[in-house]
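I would like the entire structure built from these sequences, with the hints used as guidance.
Following our numbering, the numbering of the sequence shown begins with 1 at its first residue and continues without gaps.
You can take every hint at face value.
Below, in silico cross-link-like pairs of lysine to aspartate or glutamate (EDC-like), each with a Cα-Cα straight-line distance of 20 Å or less:
1) Lys-37 / Glu-9
2) Lys-10 / Glu-33
3) Lys-37 / Asp-21
4) Lys-30 / Glu-9
5) Lys-55 / Asp-21
6) Lys-13 / Glu-36
7) Lys-12 / Glu-36
8) Lys-13 / Glu-33
9) Lys-44 / Asp-21
10) Lys-10 / Glu-65
11) Lys-12 / Glu-33
12) Lys-32 / Glu-9
13) Lys-44 / Glu-33
14) Lys-10 / Glu-36
No wet-lab data here; the hints were simulated from the structure.
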Amino acid sequence: MHRFLIVIEKVKKNYSAYSPDLPGCVATGKTKEAVEKNMYSAIKMHIRGLMEDNKAVPTSQSIAEFIAV
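Written out as structure tokens, the structure reads:
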């Protein structure tokens with residue numbers, strides 16, 4: 001099992017998501033739940049493509065923290 005951090009951003013009319021550890025792997029959705037589901041599918045497809053091309057699946061290196069100011 002692989003585990004990746006995803007960043008979800010609220011944009012004008014929907015949500016956008018990406019994973020810092022998987023460049024080019026992005027998704028959108030009308031709701032936060034939809035973008036999470038779409039990102040799950042995008043990551044699965046991305047990993048499958050890497051494996052089919054005999055490329056290594058990267059290890060997640062990203063960390064997220066909130067800072068109060």
